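**Q** Here are the chains, one letter per residue:
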Amino acid sequence: MNTNFLPSWKGLWAFAGTEARVQLHEYLSIATTVLVQMIFIFFVWLLAPPQLLPFAVVGSMVFSSFVVGERVLDEAAYIRIDHKLNELYHASPLTPESYFLGMGMGVLAAYLPPLVVLGVLSELVHPFTVLSLGVLVGTLALVWLIAASLGYVLSTFFIDMRAIWPYATLLFNFFGVLPPVFYPLGLFPSYLTEFALLLPPSAGAALVVHAMGLEPLSGGEIVLALTALLVEALLLSSFAIYWARKRTREGV
Amino acid sequence: MSVSDSVSSSGLALFAENMRKVYHTRGKPSVEALRGLSLSVKRGERVALLGRNGAGKTTFLKIASTLLMPTSGRIEIFSKDVSVHPEEVRPYIAVVPQEGHPFYHLTPWEQVYTYLLTRGFSRETARERTEVALRDMDIYDIRDQLNVTLSGGQQQRTMVATVLATEAPLLFLDEPTLGMDPFARRRVWAALRKLTDRGSTLLLTTHYLDEAESLSHKVYIIEKGKVVAQGTSSDLKRSVGGTVRVTIPMDSAKSEDFASFGRIMTGEGVIHVITEPPQINEILNTALRRGLSATVGPVTLEEAFLQLVGRAIEDEH
Chain A
307 MNTNFLPSWK
317 GLWAFAGTEA
327 RVQLHEYLSI
337 ATTVLVQMIF
347 IFFVWLLAPP
357 QLLPFAVVGS
367 MVFSSFVVGE
377 RVLDEAAYIR
387 IDHKLNELYH
397 ASPLTPESYF
407 LGMGMGVLAA
417 YLPPLVVLGV
427 LSELVHPFTV
437 LSLGVLVGTL
447 ALVWLIAASL
457 GYVLSTFFID
467 MRAIWPYATL
477 LFNFFGVLPP
487 VFYPLGLFPS
497 YLTEFALLLP
507 PSAGAALVVH
517 AMGLEPLSGG
527 EIVLALTALL
537 VEALLLSSFA
547 IYWARKRTRE
557 GV
Chain B
327 MSVSDSVSSS
337 GLALFAENMR
347 KVYHTRGKPS
357 VEALRGLSLS
367 VKRGERVALL
377 GRNGAGKTTF
387 LKIASTLLMP
397 TSGRIEIFSK
407 DVSVHPEEVR
417 PYIAVVPQEG
427 HPFYHLTPWE
437 QVYTYLLTRG
447 FSRETARERT
457 EVALRDMDIY
467 DIRDQLNVTL
477 SGGQQQRTMV
487 ATVLATEAPL
497 LFLDEPTLGM
507 DPFARRRVWA
517 ALRKLTDRGS
527 TLLLTTHYLD
537 EAESLSHKVY
547 IIEKGKVVAQ
557 GTSSDLKRSV
567 GGTVRVTIPM
577 DSAKSEDFAS
587 FGRIMTGEGV
597 IHVITEPPQI
607 NEILNTALRR
617 GLSATVGPVT
627 LEEAFLQLVG
637 RAIEDEH
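From first to last, the protein sequence lines are chains A and B.
Residue numbering for the first sequence is 307 to 558, as defined by the working numbering.
Residue numbering for the second sequence is 327 to 643, as defined by the working numbering.
No lab work stands behind these hints, which were simulated from the structure alone.
Quantities reported herein were computed from a predicted structural model and do not represent experimental measurements.
A hint or two may mislead.
Mimicking DSSO-like on lysine-lysine, the simulated pairs with C-alpha atoms at most 30 Å apart in a straight line are [as the list claims (entries may be wrong)]:
| # | chain 1 | residue 1 | chain 2 | residue 2 |
| --- | --- | --- | --- | --- |
| 1 | B | LYS544 | A | LYS390 |
| 2 | A | LYS316 | A | LYS552 |
| 3 | B | LYS368 | B | LYS520 |
| 4 | A | LYS390 | B | LYS552 |
| 5 | A | LYS390 | B | LYS368 |
| 6 | B | LYS406 | B | LYS550 |
| 7 | B | LYS550 | B | LYS368 |
| 8 | B | LYS406 | B | LYS520 |
| 9 | A | LYS552 | B | LYS552 |
| 10 | A | LYS390 | B | LYS354 |
| 11 | A | LYS390 | B | LYS520 |
| 12 | B | LYS550 | A | LYS390 |
| 13 | A | LYS316 | A | LYS390 |
| 14 | B | LYS368 | B | LYS544 |
| 15 | B | LYS354 | A | LYS552 |
| 16 | B | LYS406 | A | LYS552 |
| 17 | B | LYS406 | B | LYS368 |
| 18 | B | LYS552 | B | LYS354 |
| 19 | B | LYS520 | B | LYS544 |
| 20 | B | LYS406 | A | LYS316 |
| 21 | B | LYS406 | B | LYS544 |
| 22 | A | LYS552 | B | LYS550 |
| 23 | B | LYS552 | B | LYS406 |
| 24 | A | LYS552 | A | LYS390 |
| 25 | B | LYS550 | B | LYS354 |
| 26 | B | LYS406 | A | LYS390 |
| 27 | B | LYS368 | B | LYS552 |
Restraint-style ranges between C-beta atoms, simulated for each label pair [stated by the list, open to error]:
| # | chain 1 | residue 1 | chain 2 | residue 2 | range |
| --- | --- | --- | --- | --- | --- |
| 28 | A | LEU477 | B | LEU472 | 29 to 39 Å |
| 29 | A | LEU437 | B | GLY353 | 49 to 59 Å |
| 30 | B | GLU457 | A | LEU540 | 42 to 52 Å |
| 31 | A | SER314 | B | GLU358 | 30 to 40 Å |
| 32 | A | ALA469 | B | ARG524 | 41 to 51 Å |
| 33 | A | ASN310 | B | ARG346 | 21 to 31 Å |
| 34 | A | ILE345 | B | GLY478 | 34 to 44 Å |
| 35 | A | PHE434 | B | MET395 | 43 to 53 Å |
All C-beta atoms, glycine included, are put in the ideal place defined by N, C-alpha and C.
Could you put together the complete structure from these sequences and hints?
**A** Next up, the structure:
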């Protein structure tokens, strides 16, 4: 059996720690992350019917987890294009898969404070049960893995930072805000329900609000959303590992 | 990991034979960056790759450091095939990338320390080595400032410190002293010498020929993806026809009077006669008889480089 096929996580935690330090030094951007979400929730509280507020808070948590992908995209491209640090790390015992996943974990560290703040807010607005808390954590983890994989893979196609900002922002906001992430699935056109349940952020949000008893899903919808999340997470993270290994030998 | 454990019985740290690399870009003609390049580096040696921009130095360094696949050829590091088993080679190497920058939002201390942790060193060893490397690079006093606030030279020293602290058996340094002042460069040279004294091997590229001359046991000159000359700095200087240069301000068209004394090289409003010491008196007398001044100095590696690369370009055409 060729053991090289299996992932090796050498250096993962140390590199994740490095990335977390980098992110945490940029405390202003973390504060901004919290602030932007809170402003959005404030407007929902101000303008929308009260029953929509828990949806907005749950959506903010799922969105925070999804938008990690945008930050991974920016970070991976930035340290490759502007810093050439990928060469420093690739030519070392740190494995390519640890480099990719460690970056995702490090960036997630920056999004933990907003997630905790939003989690507390959500508890105040609509208390969690043990089950719904478990669904929330599992869903956020899957959405994070999908987004980080997507962000890393996409980052390797760019050779100029200026080209990244508009595309990355558009991509992650389009799929993170437009579908039913911050609002109930029932408000989305019914003929697009299945499509929404295939998209990671809206599938994740639908599962969490279902577990919290805010908007029940049918059995078929639960299976579809859960399967979509699991399959997408497995496929995209496997591809990201393959891609990381391949690009490491292509000077990228 | 000790170097002795990892070095092949041949004593070579790096062996490359007939390396070729062709870059294919859609819609553009293919570029052959390496065209049969062969070289070897012995354990404990400091070797410099010299060449014009685009000669293939960085491409070779990237292939050797597992960052790029060659189109063809054989390359081994400590007897391990770089193309086939990069993961076996990586623990033995470390790279200072060309024009690399440290993480802007880490401090020099964090940069070096976390890199060592990533490579698997214990916290205690990482702390010790970080301190030594930062002191060697003379950036210990600014260890807690964010890298983004440092000058370009200080950032470059942070990069070099990061890699030197690994004490890897084979270090690749792509223009390691770029942007450093002369004092800082000499600091780096001293640290590199210290490292090779302890058994590491260095392969570096540089455009500072004084650096190559001062630092390297052996120099390879590369032009258009091939080695066009190799040897010690002295060997290369001798290969241009002499060890002494007599410079005479005059029109190169009238230089034939001096041609019998050695090789004539022309500069802006001057000629250089490359010769050996016994010829000096006669050249000076000839110059004085014509009312010309003359200065005498040793042939530099830069002159040898210009000669050798110039010859290679002529041969190509």
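**Q** Could you work out which earlier hints the structure fails to respect and list their numbers in ascending sequence?
**A** Violated hints: none at all, because every hint is consistent with the structure.
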